[in-house]
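Chains as they are written, first to last, in UniProt numbering: chain E, 1 to 342; chain W, 1 to 290; chain A, 1 to 345.
It is worth saying that the hints were derived from the structure and are not from the lab. Certain hints may be false.
[What the hints assert, rightly or not] To give an idea of the interface, some chain A residues facing chain E are shown, with a C-beta separation under 10 Å as derived from the structure:
#1 L24
#2 Q234
#3 R238
#4 R245
#5 K247
#6 G248
#7 P250
#8 H258
#9 N262
#10 D336
[Claimed, not checked] Only pairs whose alpha carbons sit at most 30 Å apart, straight line, appear in this in silico DSS-like list of lysine-lysine:
#11 K95(E) - K108(E)
#12 K16(A) - K165(E)
#13 K95(E) - K36(E)
#14 K99(E) - K149(E)
#15 K248(W) - K166(A)
#16 K99(E) - K141(A)
#17 K108(E) - K149(E)
#18 K6(A) - K149(E)
#19 K95(E) - K215(E)
#20 K36(E) - K99(E)
#21 K218(E) - K149(E)
#22 K149(E) - K215(E)
#23 K215(E) - K165(E)
#24 K16(A) - K6(A)
#25 K165(E) - K149(E)
#26 K36(E) - K61(A)
#27 K215(E) - K108(E)
#28 K108(E) - K165(E)
#29 K165(E) - K6(A)
#30 K117(W) - K16(A)
#31 K61(A) - K36(A)
Remember, predicted model here, so these are calculated numbers, not experimental data. Cβ atoms here follow ideal geometry from the backbone N, Cα and C, with glycine treated the same way.
Listed here are the chains, written in short residue letters.
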Amino acid sequence: MNTTLIHSPKQETTVSRPDATTLLSVRNLTIEAGSKNSPLRLVDRFSLDMSPGDRVALVGESGSGKSVTARSIMRLDPDFRLTGSIDFDGQDLLKLSEKQMVGIRGHKIGMVFQDPMGALNPLMTIGDQVMEPLRVAGVDRAEAERRAKSVLEELGVANAAVRMKAYPHEFSGGMRQRVVLAMALISDPSLIIADEPTTALDVRVQEQVLTLMDKVSKERGLAVLLITHDLGTVAGFTDRVAVMYSGRKVDEASVDTLFNNPAHPYTQGLLQAVPRIDQTVPRLLTIAGAPPHPGNRPTGCAFNPRCSQAFDLCREQIPELRPAPEGGMVACHLYPAAGKEQ
Amino acid sequence: MATTLTKFSPERRNWLRSISGIPGTQIVIPIVVVLLLILALVGPLIAPESQVYRSDILSALAPPSSQHWLGTDEQGRDVFWRIIAGAQASLLSAVAIVTGFSIVGILVATIATLGGKWVDEVVMRVVDAALAFPPIIFALGVAAALGPSLNSAIIAMILTGWPVTARVLRGVMRETMSQAYVENARVLGVSRTRLMLRHVLPNSMDVLLVKWAGDIGNTILILGGLSFVGVGAQPPSAEWGAMVTSAKGIIATAPWAAFAPGVAIAITAVAFGLLGDILQVRFNPALRKR
Amino acid sequence: MANNPKQQTAVFLLRKFATSVVTLVGLTAFVFFMVKLIPGDEARVAAGENATPEQVEAIRKSLGFDQPLPVQFVTFIGRLLHGDLGTSISTHMSVAQGIQQVLPQTIELVVLAVIIVITVVTPLATLAALHRDGRTDYTIKILVVISAGLPTFWLALLLQYGLGTKAEIFPISGRLSRGISVPNRTGSVVLDSLLAGNPMAAWDGFQHLILPAIVLALPFGAQLFRMLRAELVQVLAREHLTVARAKGIPQRQLVTQHVLPNSIGPSITLVGIQFGAMVGAAVLVESVFGLVGIGSYLTNAVAQKDTFAVLGGVLVIGVLVVASNFVVDVLQLIRDPRLRAGQLG
Numbered sequence: 001m002n003t004t005l006i007h008s009p010k011q012e013t014t015v016s017r018p019d020a021t022t023l024l025s026v027r028n029l030t031i032e033a034g035s036k037n038s039p040l041r042l043v044d045r046f047s048l049d050m051s052p053g054d055r056v057a058l059v060g061e062s063g064s065g066k067s068v069t070a071r072s073i074m075r076l077d078p079d080f081r082l083t084g085s086i087d088f089d090g091q092d093l094l095k096l097s098e099k100q101m102v103g104i105r106g107h108k109i110g111m112v113f114q115d116p117m118g119a120l121n122p123l124m125t126i127g128d129q130v131m132e133p134l135r136v137a138g139v140d141r142a143e144a145e146r147r148a149k150s151v152l153e154e155l156g157v158a159n160a161a162v163r164m165k166a167y168p169h170e171f172s173g174g175m176r177q178r179v180v181l182a183m184a185l186i187s188d189p190s191l192i193i194a195d196e197p198t199t200a201l202d203v204r205v206q207e208q209v210l211t212l213m214d215k216v217s218k219e220r221g222l223a224v225l226l227i228t229h230d231l232g233t234v235a236g237f238t239d240r241v242a243v244m245y246s247g248r249k250v251d252e253a254s255v256d257t258l259f260n261n262p263a264h265p266y267t268q269g270l271l272q273a274v275p276r277i278d279q280t281v282p283r284l285l286t287i288a289g290a291p292p293h294p295g296n297r298p299t300g301c302a303f304n305p306r307c308s309q310a311f312d313l314c315r316e317q318i319p320e321l322r323p324a325p326e327g328g329m330v331a332c333h334l335y336p337a338a339g340k341e342q
Numbered sequence: 001m002a003t004t005l006t007k008f009s010p011e012r013r014n015w016l017r018s019i020s021g022i023p024g025t026q027i028v029i030p031i032v033v034v035l036l037l038i039l040a041l042v043g044p045l046i047a048p049e050s051q052v053y054r055s056d057i058l059s060a061l062a063p064p065s066s067q068h069w070l071g072t073d074e075q076g077r078d079v080f081w082r083i084i085a086g087a088q089a090s091l092l093s094a095v096a097i098v099t100g101f102s103i104v105g106i107l108v109a110t111i112a113t114l115g116g117k118w119v120d121e122v123v124m125r126v127v128d129a130a131l132a133f134p135p136i137i138f139a140l141g142v143a144a145a146l147g148p149s150l151n152s153a154i155i156a157m158i159l160t161g162w163p164v165t166a167r168v169l170r171g172v173m174r175e176t177m178s179q180a181y182v183e184n185a186r187v188l189g190v191s192r193t194r195l196m197l198r199h200v201l202p203n204s205m206d207v208l209l210v211k212w213a214g215d216i217g218n219t220i221l222i223l224g225g226l227s228f229v230g231v232g233a234q235p236p237s238a239e240w241g242a243m244v245t246s247a248k249g250i251i252a253t254a255p256w257a258a259f260a261p262g263v264a265i266a267i268t269a270v271a272f273g274l275l276g277d278i279l280q281v282r283f284n285p286a287l288r289k290r
Numbered sequence: 001m002a003n004n005p006k007q008q009t010a011v012f013l014l015r016k017f018a019t020s021v022v023t024l025v026g027l028t029a030f031v032f033f034m035v036k037l038i039p040g041d042e043a044r045v046a047a048g049e050n051a052t053p054e055q056v057e058a059i060r061k062s063l064g065f066d067q068p069l070p071v072q073f074v075t076f077i078g079r080l081l082h083g084d085l086g087t088s089i090s091t092h093m094s095v096a097q098g099i100q101q102v103l104p105q106t107i108e109l110v111v112l113a114v115i116i117v118i119t120v121v122t123p124l125a126t127l128a129a130l131h132r133d134g135r136t137d138y139t140i141k142i143l144v145v146i147s148a149g150l151p152t153f154w155l156a157l158l159l160q161y162g163l164g165t166k167a168e169i170f171p172i173s174g175r176l177s178r179g180i181s182v183p184n185r186t187g188s189v190v191l192d193s194l195l196a197g198n199p200m201a202a203w204d205g206f207q208h209l210i211l212p213a214i215v216l217a218l219p220f221g222a223q224l225f226r227m228l229r230a231e232l233v234q235v236l237a238r239e240h241l242t243v244a245r246a247k248g249i250p251q252r253q254l255v256t257q258h259v260l261p262n263s264i265g266p267s268i269t270l271v272g273i274q275f276g277a278m279v280g281a282a283v284l285v286e287s288v289f290g291l292v293g294i295g296s297y298l299t300n301a302v303a304q305k306d307t308f309a310v311l312g313g314v315l316v317i318g319v320l321v322v323a324s325n326f327v328v329d330v331l332q333l334i335r336d337p338r339l340r341a342g343q344l345g
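Chain E on its own, in the form it takes in the complex (with noise of 0.2 Å):
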């Protein structure tokens, strides 16, 4: 599989190849926010490859970079500055015009938000939010109404004619949560970047929502991007996991590689603090420290003052990505000559 893999040291690289197939390439992004004089290094050269369907997540601690990320692919922070690639269905979207941008927003590749509570204009009817993809992009109102209708009647809203007439402080949670991914569905997007979407629900409706996004996404065949710093909801939802570390990938793999064989220390300290049910005891680990702010990383690999792991290179030389022993690939020390025993 890994026959074309680049190994230069300023090239990150991604689990599967760029191909005919390629919904979604993300090559060397680097965002950086700040002033020019002194720029604040938020992503650094991120690359992620997604075919139509995948499904992907991308796993860190609040503060590596994840959402920005995922905002970023939307080009949502016009102050950050956007370098490297994104192609998206054959265009890079760093080189559309914003007016171009916003015809690939809720158009082409939909997206889902941490709270619900805030996502939804307070003073608009849920139906109009619903359809308002669809109109600003010259759909008659009845067809709107109709398909809006449909889209939350699939997300499971009932009576949701009625509903729609409705406000959103009139909804709970949960069924926010519904609407806002009617909004990012209506359109027939090919990719839904879901940002936390589950994180500010309380236990029972994370559990619905995330059956529900399954559900409709394998329905509709959507590749899905989920952002999360719970590798827990992971599970059951992703084929691949990319993890995040200090603004940079340090792991990815498939889902059973990565929760048999985690590679990356970071990634075995991640598994250790997800509450497993075959687990007598229960045991809660989290990783000692924090991980530190994009102006103050260490040098040599950002995750070594908390890496029980770490030796002398680790505190030298930042590690680029390799492929790892077991499949996918690890920016770690441990791992120098995996590419050769491939």
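Let chain E serve as the given structure and place chains W and A on it in line with the hints.
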């Protein structure tokens, strides 16, 4: 998410912030304000009496020159020196007015806060009623009663200025009263007066100061307006509003005589208004993010 | 108590209405005693310069000014309830009529000023908020700060001189140019001209209003700008805006559908308050531009210690203030469904 991202929003220019706590070029504002206040104190002392009050028909209506920097008015008085001399009447009056009605506002707000539900309701309705009364018209009434003079204008403006201050302060005081530590103190039997003096008033001081500075700008403008309709400072006073008023008849021949004192009012009003903004940002960190 | 939204709305409006009435009664009392506190003998004014002391006393008695103050107040309120504002003691005309003649002209001026404020400030504040902390924002902010600091009467004078006398773009004073007259029906010059089928006169009347309205609008516009910009900046940072952007809503639509409607709440309230304040501030502007209006009416009344005229004038302004606040409350209800549901306020 939004909170995570604001941390990375672009930093503003800040060379002088470290010294003054005031960002960048804004340091100019407090400097201008201090200069204006000094001018208000010493202005009448340094302006030569002959230039300010004595008529000199021969040099009347002279355009700005090296001898008369801002020209002369219809009586040949030097516009520049009159502005210097008039700073006191204009600015110190405004300071007195705002200080005066701030005190009234504090008293009213204190009564509303300490008096309980019904007193509060009554006081606030009175404040509402007073707010609906146009200040300039009230000032006209007072001026009619006391005779037109700078003093009656000052009294009138103190009597009309307090309602907004009272309303704002009452809001702050009520908020402080409902804070956990004040409630605790109350339960422990600390007297209301002591509570007021120790906690509530000090807590309102920043709001008061911000409003005080902002109000001076507005007051200077209204004070000038009162002179203009004839109920404020009277000729030959060099109060800036009165200067504009007395020059309105000669605006076609000597526009500088009306123009310059108006600019003086504008500079003062803008400087104090901006000082209010700066103080607000200083005292209210939540606003700094805006 | 009231569970369905309609009942809650009704309760909300009733409560606002009751507060308005209480405020008006308070205002009446406040003004009544203030006017009485002004030294000077109103009976003397009413009787005229050459009246004998007996005549003055007779008039005092006939006007009820010999009664104790509280009695006078109750009598005044009683007549007020019948719509009687009393008779001016200096012009001997009905106060209601006198006000009716001048008020429409002030309202005309204030309405134009409000329109100027809203139409100029909304795009400026939007532009500034969208470019927050950028050069555009900075420039607009400086312009606004300066225009807020300009003394009204001085600016009026300069504009009169610059645009009126020198450039002759605008008429400098009065309500209509010489030689033009229109029959008085509503009291509003522009409306009367239109009613009389005289668009030229209406245009002329409108031109006479522009400079005064601009001068009146400036300080209020600056106030509104600050509030609206701050509110816009806050709303622009809200999550639902990012969500709307993410669903592909173009910038223009974003501003008109999601940003402005969500930002104008406090501004509507402010404009309501400003409407009343402008009627008061019109005094200065009317004086500079030689216009007739409630301002000039009150100025005269105060100077004459014309008790009933002052009371009537101030009350009418008070009613306007209270009414505009009430309209504002209704507008807020229309704007925000959460208010209709009684969730806020």
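Here is what the structure says about each hint:
1. L24: violated (32 Å)
2. Q234: violated (13 Å)
3. R238: Status holds, d = 6 Å.
4. R245: holds (6 Å)
5. K247: Holds, because the Cβ-Cβ distance from K247(A) to chain E comes to roughly 4 Å (cut-off 10 Å).
6. G248: With a minimum Cβ separation of about 3 Å from chain E (threshold 10 Å), the hint on G248(A) holds.
7. P250: With a minimum Cβ separation of about 5 Å from chain E (threshold 10 Å), the hint on P250(A) holds.
8. H258: OK, holds: H258(A) within 10 Å of chain E, min 5 Å.
9. N262: holds (6 Å)
10. D336: This interface hint holds because 6 Å falls under the 10 Å limit.
11. K95(E) - K108(E): Roughly 16 Å between the alpha carbons, so the hint for K95(E) and K108(E) holds.
12. K16(A) - K165(E): holds (28 Å)
13. K95(E) - K36(E): holds (20 Å)
14. K99(E) - K149(E): holds (28 Å)
15. K248(W) - K166(A): Judged against 30 Å, a Cα distance of about 15 Å means the pair holds.
16. K99(E) - K141(A): holds (28 Å)
17. K108(E) - K149(E): holds (20 Å)
18. K6(A) - K149(E): holds (27 Å)
19. K95(E) - K215(E): Judged against 30 Å, a Cα distance of about 34 Å means the pair is violated.
20. K36(E) - K99(E): Within the cut-off at roughly 25 Å; holds.
21. K218(E) - K149(E): Distance ~20 Å between K218(E) and K149(E) Cα, so the pair holds.
22. K149(E) - K215(E): Distance of about 18 Å is within 30 Å: holds.
23. K215(E) - K165(E): holds (26 Å)
24. K16(A) - K6(A): holds (15 Å)
25. K165(E) - K149(E): holds (11 Å)
26. K36(E) - K61(A): violated (83 Å)
27. K215(E) - K108(E): Measuring from Cα to Cα gives roughly 20 Å; hence the hint holds.
28. K108(E) - K165(E): holds (27 Å)
29. K165(E) - K6(A): holds (16 Å)
30. K117(W) - K16(A): The given pair, whose Cα atoms are some 19 Å apart, holds under the 30 Å limit.
31. K61(A) - K36(A): The given pair, whose Cα atoms are some 16 Å apart, holds under the 30 Å limit.
In this structure, the earlier hints numbered 1, 2, 19 and 26 are contradicted, and the remaining ones agree with it.
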